[in-house]
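Construct all of the structure, not just a fragment, from the sequences and the given hints.
Number of protein chains: 2
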Amino acid sequence: MQAREFLMIPGPTPVPDRVLEACAKHPIGHRTPDFSRILRGAVDDLKWLGETKKDPFVITSSGTGAMEAAIANTINSGDDVLSLIVGVFGERWAKLSEAYGAKVERVISEPGQPVDLKLLAERLKKDTDKKIKAVTITHNETSTGVINDLEAIVKIVQEHGALTIVDAVTSFGATPLPIDAWGIDVLATGSQKALMLPPGLAIIFFSDRATKVSESCKSPRFYFDLRKYKKSLEADTTPATPNVSFVAGLAESLSMMKEEGTEKIFARHLRLKEALRSGVKALGLKLFVDDHFASPTITAIIPPAGISVGDIRKALKEDYRILVADGQEELKGKIFRIGHMGYVFERDILMTLAALEAVLRKLGHEVDSGKAVDAAASVIAVR
Amino acid sequence: MQAREFLMIPGPTPVPDRVLEACAKHPIGHRTPDFSRILRGAVDDLKWLGETKKDPFVITSSGTGAMEAAIANTINSGDDVLSLIVGVFGERWAKLSEAYGAKVERVISEPGQPVDLKLLAERLKKDTDKKIKAVTITHNETSTGVINDLEAIVKIVQEHGALTIVDAVTSFGATPLPIDAWGIDVLATGSQKALMLPPGLAIIFFSDRATKVSESCKSPRFYFDLRKYKKSLEADTTPATPNVSFVAGLAESLSMMKEEGTEKIFARHLRLKEALRSGVKALGLKLFVDDHFASPTITAIIPPAGISVGDIRKALKEDYRILVADGQEELKGKIFRIGHMGYVFERDILMTLAALEAVLRKLGHEVDSGKAVDAAASVIAVR
Numbered sequence: 001m002q003a004r005e006f007l008m009i010p011g012p013t014p015v016p017d018r019v020l021e022a023c024a025k026h027p028i029g030h031r032t033p034d035f036s037r038i039l040r041g042a043v044d045d046l047k048w049l050g051e052t053k054k055d056p057f058v059i060t061s062s063g064t065g066a067m068e069a070a071i072a073n074t075i076n077s078g079d080d081v082l083s084l085i086v087g088v089f090g091e092r093w094a095k096l097s098e099a100y101g102a103k104v105e106r107v108i109s110e111p112g113q114p115v116d117l118k119l120l121a122e123r124l125k126k127d128t129d130k131k132i133k134a135v136t137i138t139h140n141e142t143s144t145g146v147i148n149d150l151e152a153i154v155k156i157v158q159e160h161g162a163l164t165i166v167d168a169v170t171s172f173g174a175t176p177l178p179i180d181a182w183g184i185d186v187l188a189t190g191s192q193k194a195l196m197l198p199p200g201l202a203i204i205f206f207s208d209r210a211t212k213v214s215e216s217c218k219s220p221r222f223y224f225d226l227r228k229y230k231k232s233l234e235a236d237t238t239p240a241t242p243n244v245s246f247v248a249g250l251a252e253s254l255s256m257m258k259e260e261g262t263e264k265i266f267a268r269h270l271r272l273k274e275a276l277r278s279g280v281k282a283l284g285l286k287l288f289v290d291d292h293f294a295s296p297t298i299t300a301i302i303p304p305a306g307i308s309v310g311d312i313r314k315a316l317k318e319d320y321r322i323l324v325a326d327g328q329e330e331l332k333g334k335i336f337r338i339g340h341m342g343y344v345f346e347r348d349i350l351m352t353l354a355a356l357e358a359v360l361r362k363l364g365h366e367v368d369s370g371k372a373v374d375a376a377a378s379v380i381a382v383r
Numbered sequence: 001m002q003a004r005e006f007l008m009i010p011g012p013t014p015v016p017d018r019v020l021e022a023c024a025k026h027p028i029g030h031r032t033p034d035f036s037r038i039l040r041g042a043v044d045d046l047k048w049l050g051e052t053k054k055d056p057f058v059i060t061s062s063g064t065g066a067m068e069a070a071i072a073n074t075i076n077s078g079d080d081v082l083s084l085i086v087g088v089f090g091e092r093w094a095k096l097s098e099a100y101g102a103k104v105e106r107v108i109s110e111p112g113q114p115v116d117l118k119l120l121a122e123r124l125k126k127d128t129d130k131k132i133k134a135v136t137i138t139h140n141e142t143s144t145g146v147i148n149d150l151e152a153i154v155k156i157v158q159e160h161g162a163l164t165i166v167d168a169v170t171s172f173g174a175t176p177l178p179i180d181a182w183g184i185d186v187l188a189t190g191s192q193k194a195l196m197l198p199p200g201l202a203i204i205f206f207s208d209r210a211t212k213v214s215e216s217c218k219s220p221r222f223y224f225d226l227r228k229y230k231k232s233l234e235a236d237t238t239p240a241t242p243n244v245s246f247v248a249g250l251a252e253s254l255s256m257m258k259e260e261g262t263e264k265i266f267a268r269h270l271r272l273k274e275a276l277r278s279g280v281k282a283l284g285l286k287l288f289v290d291d292h293f294a295s296p297t298i299t300a301i302i303p304p305a306g307i308s309v310g311d312i313r314k315a316l317k318e319d320y321r322i323l324v325a326d327g328q329e330e331l332k333g334k335i336f337r338i339g340h341m342g343y344v345f346e347r348d349i350l351m352t353l354a355a356l357e358a359v360l361r362k363l364g365h366e367v368d369s370g371k372a373v374d375a376a377a378s379v380i381a382v383r
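Top to bottom, those sequences are chains S and F.
Following the working numbering, the numbering of the first sequence begins with 1 at its first residue and continues without gaps.
Following the working numbering, the numbering of the second sequence begins with 1 at its first residue and continues without gaps.
Honestly, I wouldn't trust all of these hints.
[Unchecked claim] Below are the DSS-like pairs computed for lysine-lysine, each with C-alpha atoms no more than 27 angstroms apart in a straight line:
hint	chain 1	residue 1	chain 2	residue 2
1	F	K95	S	K212
2	S	K95	F	K212
3	F	K230	S	K25
4	S	K231	F	K314
5	S	K47	S	K231
6	F	K231	S	K334
7	S	K317	F	K25
8	F	K317	F	K258
9	S	K218	F	K362
10	F	K228	F	K54
11	F	K258	S	K25
12	S	K334	S	K53
13	F	K131	S	K314
14	S	K218	F	K131
15	F	K218	S	K131
16	F	K103	S	K228
17	F	K95	S	K230
18	S	K103	F	K228
19	F	K25	S	K258
20	S	K218	S	K103
21	F	K258	S	K228
22	S	K103	F	K362
23	F	K332	S	K228
24	F	K231	S	K314
25	S	K212	S	K231
26	S	K228	F	K231
27	F	K218	S	K95
28	S	K25	F	K317
29	F	K362	F	K47
30	F	K218	S	K332
31	F	K228	S	K218
32	F	K95	S	K228
Derived by calculation from the structure, the hints in this document are not laboratory data.
Set out below in structure tokens:
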């Protein structure tokens, strides 16, 4: 017998039993009043979570599908797009835009750094003839564990007038994201992160302004054509056969989130981040990202000299069945990443730190017994 | 307490407990050897089912996503496409191709009729300068319950040389589909039909010839870019985070299909079709489609004079919790459709006929007691 694989990776994330059970029910017909009621409930609760008056669209796809819907419905071949890149997922926006023929200008931050607000403001100021149609932004960069100051970024872009296209895949549901108040035009997210579902659904929010742009957008699209989703959702349904099982699961996870309330959910994510970071510091390890822009959902850690990321991940998996992630692309082998979003709690952080301590000791890194757990527990105690 | 809604619609279809249980397991990490093993198993079993040597791609989307992948990876703006249309889903190929800028010529059959092979051969013969790049085909038309003679169609198209792009959403897994032997270039299907899963996965097969076309295809695509899927599948993985839960479910449903064997599965579908059609005739109702090209998975029925499709569907749902489908678009209210694919058995046909008899009598249609069930049972008895 083996312990179940414990997902401390940045997605898929742990799924609550209530959600698994809702997903596991026998599917119902998708052209029925019962399904329409479930879909409408989920859409309304997503509006609550995103503090917006506009209906989001639920797409049966990975999160990347929502990102493609964002681009395919707003960007024409030849349009100018400014991509703010702080890691792998920022680059994904750029590549996606290029796939649709956009002329992409990349503003790239050093790995582990956030978007440079001053640089952004200066660049947009120079665009006096308003050629830049859209700015793509990664709210929370999964590959480095950086959270950008989205409110400030959107404010700067709004002064220019370009559309703000936001990847909130690993932030939505974990940190405040008042879509209307901040004036975000397009926001894409996925099911398998803070929304506590398995992967398989993507969600996209479109402002009135973005909707207007989409109506005249000429890029070829069919499955991700949001005009179809809009028309269907007016009748509480979807254009193609949706993943009815996961829509039921989404409704259930959102019910759980409403029961906890956003204030408590967001505070929990902050607390877990701080507890984990304190523990990691107590282990004598370096955090990849400065406290000021450290993600509430993903923490990237630099391994001690002489111990490889691969060895740490392998030992955590083999000895404790805990999964953590490697770095991606140029950060592969340089950092390991711990995800702590959605259905993750204080005890999971203690467990992960305790296992990490044991594994590091086994691999030859000198650590003081119990210090990491102590440090984390004292963060947790002050709540 | 209410009986569970029984899906005699053309998808979603009944899902076996074994598959529901596989889908309901807690998700595992998608970048793990465990997931790679599950994905590879499912891909290999799909090859077995499609009698092909080429790996298909499993996409997290509705079936329409696979149809879009088919077009986006083969058709450039300005290409000529011949769309063989025998119903709503044939028209979907045409609209999809037009969304990608193709010049589409429609060859439309009367509702309830199959593709006219002679007409097709004549049309292709006229295309002496081989302008037609691809022919889109609906194998089994869900909106009418017609199955086309795909082998013959593909043969005719092959003589011309155009790509054959096939929607096998409601046929794959229910009827023989030897992809390599017939020489099909592109075949798209979905999870929620004969593959016995909930909706949420799409599957696409690409021949070597189609793969070559896709490599130089210029249509914008990202999520459905099969070049990415190919590269990832070489390492037994996927480009974006897949629906790991449903891939596990797919592996399980394919295991069940292997246990039964295709010979028995295909024979069962034929038997259920014949049993249902005999029963419907015994009820004095007209079948919408001639026996010669009647689908093994969907049967369309014309209601008796004076009784509406809506009343029949309502009574079946309210009195017996059995769901059957209305006609679509211009056939709405003119036919009702019974799905019988995947995890459907003899007793389900008897149940549906018995309920239909009771409902028709209640609605004022004179029927001889028991004749429908008798007729179906005698078809079943000769197996």
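Here is how each hint holds up against the structure:
no.	hint	verdict
1	K95/F / K212/S	23 angstroms, holds
2	K95/S / K212/F	22 angstroms, holds
3	K230/F / K25/S	33 angstroms, violated
4	K231/S / K314/F	25 angstroms, holds
5	K47/S / K231/S	18 angstroms, holds
6	K231/F / K334/S	25 angstroms, holds
7	K317/S / K25/F	19 angstroms, holds
8	K317/F / K258/F	33 angstroms, violated
9	K218/S / K362/F	53 angstroms, violated
10	K228/F / K54/F	16 angstroms, holds
11	K258/F / K25/S	25 angstroms, holds
12	K334/S / K53/S	43 angstroms, violated
13	K131/F / K314/S	56 angstroms, violated
14	K218/S / K131/F	25 angstroms, holds
15	K218/F / K131/S	25 angstroms, holds
16	K103/F / K228/S	22 angstroms, holds
17	K95/F / K230/S	18 angstroms, holds
18	K103/S / K228/F	22 angstroms, holds
19	K25/F / K258/S	25 angstroms, holds
20	K218/S / K103/S	16 angstroms, holds
21	K258/F / K228/S	38 angstroms, violated
22	K103/S / K362/F	66 angstroms, violated
23	K332/F / K228/S	20 angstroms, holds
24	K231/F / K314/S	25 angstroms, holds
25	K212/S / K231/S	14 angstroms, holds
26	K228/S / K231/F	31 angstroms, violated
27	K218/F / K95/S	15 angstroms, holds
28	K25/S / K317/F	19 angstroms, holds
29	K362/F / K47/F	48 angstroms, violated
30	K218/F / K332/S	32 angstroms, violated
31	K228/F / K218/S	24 angstroms, holds
32	K95/F / K228/S	13 angstroms, holds
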